[in-house]
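S.K.: If you want the building blocks of each chain, they are given just below.
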Amino acid sequence: MLARSANGLFWMSRYLERAEHTARLLITQFEAMEDRSVEEIDLSWRRIYLAMGRSPAGGDLTSNLENEDFMLMDAYTLADDLTFELVNSDSIRSSMYFARENARQIRNVVGRQFWTNLNSAYLELRSSRIEFIWTNKPQNFYANQENNARTLSGYLDSSMYRDDGWHFLQMGRFIERTQLIAALLISQIKVFSTEFNLQDSSWISLMVLCNASLAYRRQRSLFSINPRHVLEFLISDAAHPHSIHYSIERTIEHFAAISAEEERVELTDISKDLKSQLRSIKKNWRSRSLTDVQICEILHNLLSLNRETYNEIASAYFFN
Amino acid sequence: MMSPSEPTSLFSNYSVGNVFFDEMFRPDGTPRNACKMLYEALNKFSIEEMQTMQEHAERFFLHEGITFAVYGDDGAQERIIPIDLLPRIVTPKDWRILDRGLRQRLNALNQFLGDIYGAKKILSDGIIPTDLVLGCPQYRPEMRNIQHPHGSFVSICGTDIVRTFDGFMVLEDNLRVPSGVSYMLANRQAVKSSIRNLFRRHRVRKIEHYGQALRQTLVEMSPNNSADPCVALLTPGTYNSAFYEHLFLAREMGIELVQGEDLSVRRGKVFMRTTRGQRQVDVIYRRVDDDFIDPLVFRKDSLLGVPGLFSAYALGNVSLVNAPGTGVADDKSVYAYVPEMIRYYLAEEPILANVETYLCRNPEQLEFVLDNLDKLVVKTVGGSGGYGMLVGPHATVAERAAYADVMRENPTNYIAQPTLDLSCSPCITASGVAPRHVDLRTFVLKGEDIRIVPGAFSRVALREGSLVVNSSQGGGGKDLWVLSK
Chain A
1 MLARSANGLF
11 WMSRYLERAE
21 HTARLLITQF
31 EAMEDRSVEE
41 IDLSWRRIYL
51 AMGRSPAGGD
61 LTSNLENEDF
71 MLMDAYTLAD
81 DLTFELVNSD
91 SIRSSMYFAR
101 ENARQIRNVV
111 GRQFWTNLNS
121 AYLELRSSRI
131 EFIWTNKPQN
141 FYANQENNAR
151 TLSGYLDSSM
161 YRDDGWHFLQ
171 MGRFIERTQL
181 IAALLISQIK
191 VFSTEFNLQD
201 SSWISLMVLC
211 NASLAYRRQR
221 SLFSINPRHV
231 LEFLISDAAH
241 PHSIHYSIER
251 TIEHFAAISA
261 EEERVELTDI
271 SKDLKSQLRS
281 IKKNWRSRSL
291 TDVQICEILH
301 NLLSLNRETY
311 NEIASAYFFN
Chain B
1 MMSPSEPTSL
11 FSNYSVGNVF
21 FDEMFRPDGT
31 PRNACKMLYE
41 ALNKFSIEEM
51 QTMQEHAERF
61 FLHEGITFAV
71 YGDDGAQERI
81 IPIDLLPRIV
91 TPKDWRILDR
101 GLRQRLNALN
111 QFLGDIYGAK
121 KILSDGIIPT
131 DLVLGCPQYR
141 PEMRNIQHPH
151 GSFVSICGTD
161 IVRTFDGFMV
171 LEDNLRVPSG
181 VSYMLANRQA
191 VKSSIRNLFR
201 RHRVRKIEHY
211 GQALRQTLVE
221 MSPNNSADPC
231 VALLTPGTYN
241 SAFYEHLFLA
251 REMGIELVQG
261 EDLSVRRGKV
271 FMRTTRGQRQ
281 VDVIYRRVDD
291 DFIDPLVFRK
301 DSLLGVPGLF
311 SAYALGNVSL
321 VNAPGTGVAD
331 DKSVYAYVPE
341 MIRYYLAEEP
351 ILANVETYLC
361 RNPEQLEFVL
371 DNLDKLVVKT
381 VGGSGGYGML
391 VGPHATVAER
401 AAYADVMREN
411 PTNYIAQPTL
421 DLSCSPCITA
431 SGVAPRHVDL
441 RTFVLKGEDI
451 RIVPGAFSRV
461 ALREGSLVVN
471 SSQGGGGKDL
481 WVLSK
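If you read the sequences in order, they're chains A and B.
This note's numbering puts the first residue of the first sequence at 1, with every later residue one more than the last.
This note's numbering puts the first residue of the second sequence at 1, with every later residue one more than the last.
It cannot be assumed that every hint is accurate.
Non-contacting residues of chain B with respect to chain A, defined by C-beta distances greater than 10 Å in every case (computed) [said to hold, decoys possible]:
| hint | residue |
| --- | --- |
| 1 | Pro92 |
| 2 | Arg96 |
| 3 | Arg251 |
| 4 | Asp262 |
| 5 | Arg273 |
| 6 | Gly277 |
| 7 | Gly388 |
| 8 | Ala395 |
| 9 | Val397 |
| 10 | Gly474 |
| 11 | Leu483 |
Covered stretches of chain A, as calculated for chain B (at least 3 residues, CB under 8 Å) [what the hints assert, rightly or not]:
| hint | segment |
| --- | --- |
| 12 | 175-182 |
| 13 | 245-253 |
| 14 | 272-279 |
The set of hints was computed from the structure by calculation and includes no laboratory data.
All residues carry an ideal CB built from backbone N, CA and C; glycine is no exception.
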């Protein structure tokens with residue numbers, strides 16, 4: 001496959017994953033705004049922005065917690081920033097824009113139906129305005145965005161030929177997912193802490209953000225939320241598609257498929273690094289003695305390994 | 001002016017004149033034989049129904065991303081080519097004339113190119129002035145003595161044809177990187193899905209195999225006669241106005257769509273960067289202009305091409321389709337000599353007529369043109385897309401005077417033609433169905449043999465009274481139905 005096309009598939013897939021994730025963040029946030037305290041809503045915004053490594057538009061989130069009207073007005077600005085701001089590479093529009101730009105260049109690879117659906121989803125998003133979303137039920141709009149991104153991924157799952165292109169697409173998806181979940185967990189720990197279990201609802205919403213509510217409920221009880229258990233599940237569960245463990249395993253799997261016919265030592269090393277990271281996660285969680293700081297350190301290491309993995313793949317395959 | 005017989009809602013305001021040939025109606029207002037069934041079936045629709053179908057078709061174009069100019073985000077520049085859903089019909093007899101004429105013309109043009117980059121007999125025999133050819137900016141001395149498989153310098157030709165009461169005439173031959181074929185296919189798709197039953201009943205000849213025909217043509221252009229050569233389409237990239245078409249054709253043919261940065265030249269061979277390493281490319285269907293294909297030979301500042309590409313081509317290690325330097329044969333001055341080329345190389349009379357052309361390089365003809373600017377269309381010899389031309393009858397006195405001054409400074413750069421009475425075809429407008437001027441761009445392929453898909457991109461001047469059909473000047477398109485026998 002043409003190296004540029006592989007790069008396009010990889011990034012298109014990353015941006016679709018990102019669009020879906022941001023949409024889910026906003027669905028959860030707007031649901032929280034219906035019945036949670038002003039302080040909790042503010043902390044949830046903080047969780048989102050910390051995870052993105054971005055300063056919210058207008059500066060400090062906690063500027064006026066006493067004034068509920070102000071807080072809601074601020075939410076309007078923040079939602080606009082996360083939905084439409086093209087400069088914000090995590091906004092839904094920005095993610096969909098870049099997914100579309102990548103897809104546009106590889107339309108001959110992804111197929112007509114996929115392209116048409118992506119293009120239609122983007123054109124619809126582009127014509128939307130925050131004013132309209134705000135005055136209707138915002139969750140519906142974001143649910144629609146999440147659904148669009150999932151449907152698009154589903155199209156690819158059901159129609160793409162399982163050659164190199166498919167493996168690059170999947171690597172993009174799971175590398176991005178690892179990145180998004182690790183960053184979200186770090187911000188969760190920083191904002192809410194596992195050591196003071198005061199905000200059950202924030203841990204429940206974390207599981208919603210990671211599509212984990214149902215799976216977690218089947219494994220454990222949602223009635224007594226233990227933040228450590230939640231983290232353990234989202235990091236080390238091997239069967240949950242939105243866990244870090246699962247995402248890394250899939251990355252390794254697709255990576256192995258691509259490099260099976262190659263003699264690339266440096267890539268084998270990456271694979272080894274990822275595998276050893278997985279082993280280390282399992283081992284650490286068995287001990288259950290980690291502090292929040294140590295957990296964050298593990299997650300930060302994962303993030304840098306993830307970035308390194310991308311760099312190696314890019315230099316070996318995209319810019320060889 | 002007359003009205004068609006039995007006027008109904010759709011055609012009730014349609015007026016047929018005797019100034020322009022109407023593709024659907026005779027001058028007395030009755031539908032032509034081949035169009036009767038279409039006319040009667042269309043009359044069952046109301047104008048509102050047709051307008052709604054038209055809107056659906058336009059939405060289909062937008063969502064499919066069938067755009068003409070794509071400059072990134074934010075819609076204003078992401079334009080669709082307007083489509084008119086009412087098809088234009090060509091009878092089997094008319095198509096036979098076009099088919100034969102186009103084959104004849106492309107054969108002669110390819111022989112001409114082989115000759116002027118080889119023995120130059122046509123020049124030494126005085127059929128065409130030597131300075132006209134060798135002094136043409138599109139003549140590439142670098143091409144001298146380079147051979148092409150099957151003598152096909154031009155493998156993809158987009159000839160523009162108009163019809164008047166005198167019959168079909170060739171307006172120009174596009175021999176460099178002609179575009180529009182994807183719109184021909186997209187229009188067919190849109191029309192088929194909008195008026196499916198009508199389409200079925202008319203026994204319209206198929207055009208959907210164009211991608212296969214093009215791929216077969218490119219395969220035949222392989223320099224090493226390989227049965228399974230590596231073929232790629234070279235595009236300038238997403239910002240090119242025809243990028244949609246490049247994608248479309250690459251997808252139809254199942255070949256890679258490459259940009260200059262994807263290719264490199266090593267040891268005289270061209271390679272593309274794949275995830276499995278470098279892969280040699282045998283045939284490049286290049287949609288990049290001559291000037292930009294190789295900065296080592298042509299424009300040094302080009303970032304679109306591939307350094308060393310031309311030398312790999314000259315060594316015979318890769319085929320470039322179309323060949324560089326083919327633009328000399330579609331130069332508007334050289335165009336005037338195509339009938340002579342046909343007589344010279346094929347010993348035949350031209351089947352398709354040229355439009356009468358005045359060469360301003362000739363002082364007498366220049367004077368005539370300047371004296372009759374108000375009746376003529378003046379074009380630059382190397383121009384395309386309707387840019388830089390003067391439509392005398394529609395220009396103001398001041399505009400004509402200013403244009404005349406520019407012409408006098410460099411007369412060799414201009415030709416003039418009479419204002420043509422382009423034929424009209426019924427089109428859907430905001431106020432009902434009305435006649436609009438049309439031409440047609442045909443697509444002729446030549447590898448080992450010539451292939452012509454029975455169809456064309458019929459361009460429409462959407463503005464009332466306008467004769468400019470170019471997409472870049474706001475023209476639209478309609479489907480062309482070539483009927484089976």
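S.K.: Within the assertion that chain B covers the segment 245-253 of chain A, do at least three residues meet a Cβ-to-Cβ distance smaller than 8 Å?
M.R.: violated (count 0)
S.K.: When you look at the beta carbon of Leu483 of chain B, is every beta carbon of chain A farther off than 10 Å?
M.R.: For Leu483 of chain B, whose nearest Cβ neighbour in chain A is about 28 Å away, the distance exceeds 10 Å, so it holds.
S.K.: Beyond 10 Å from every chain A Cβ: check whether that's true for Gly388 of chain B.
M.R.: The assertion about Gly388 of chain B holds, with a minimum of 31 Å to chain A.
S.K.: Quick one: work out the minimum CB distance from Gly474 of chain B to chain A and report holds if it exceeds 10 Å, violated otherwise.
M.R.: 22 Å, holds
S.K.: Is the nearest Cβ of chain A still more than 10 Å from the Cβ of Arg273 of chain B?
M.R.: Non-interface label fails for Arg273 of chain B: nearest chain A Cβ at 4 Å, not farther than 10 Å.
S.K.: Against chain A, does Ala395 of chain B hold up as non-interface, every C-beta pair farther apart than 10 Å?
M.R.: Ala395 of chain B is indeed farther than 10 Å from all Cβ atoms of chain A, at 39 Å.
S.K.: Per the stated criterion, does the least C-beta distance between Arg96 of chain B and chain A lie above 10 Å, as a non-interface residue requires?
M.R.: Non-interface label on Arg96 of chain B holds, nearest chain A Cβ at 34 Å vs cutoff 10 Å.
S.K.: Under 8 Å between beta-carbons, do enough residues of the segment 175-182 of chain A, three at least, approach chain B for the coverage claim to hold?
M.R.: violated (count 0)
S.K.: Checking the smallest CB distance to chain A, is Asp262 of chain B really beyond 10 Å?
M.R.: 5 Å, violated
S.K.: Say whether it holds or is violated: Val397 of chain B keeps its Cβ farther than 10 Å from all Cβ of chain A.
M.R.: 46 Å, holds
S.K.: Since Arg251 of chain B was said not to touch the interface, does its Cβ keep a gap of more than 10 Å from each Cβ of chain A?
M.R.: Non-interface label on Arg251 of chain B violated, nearest chain A Cβ at 4 Å vs cutoff 10 Å.
S.K.: Are all C-beta atoms of chain A more than 10 Å from that of Gly277 of chain B?
M.R.: The claim is violated: Gly277 of chain B sits with its nearest Cβ about 7 Å from chain A, within 10 Å.
The structure fails hints 3, 4, 5, 6, 12, 13 and 14 (numbered hints given earlier, in ascending order).
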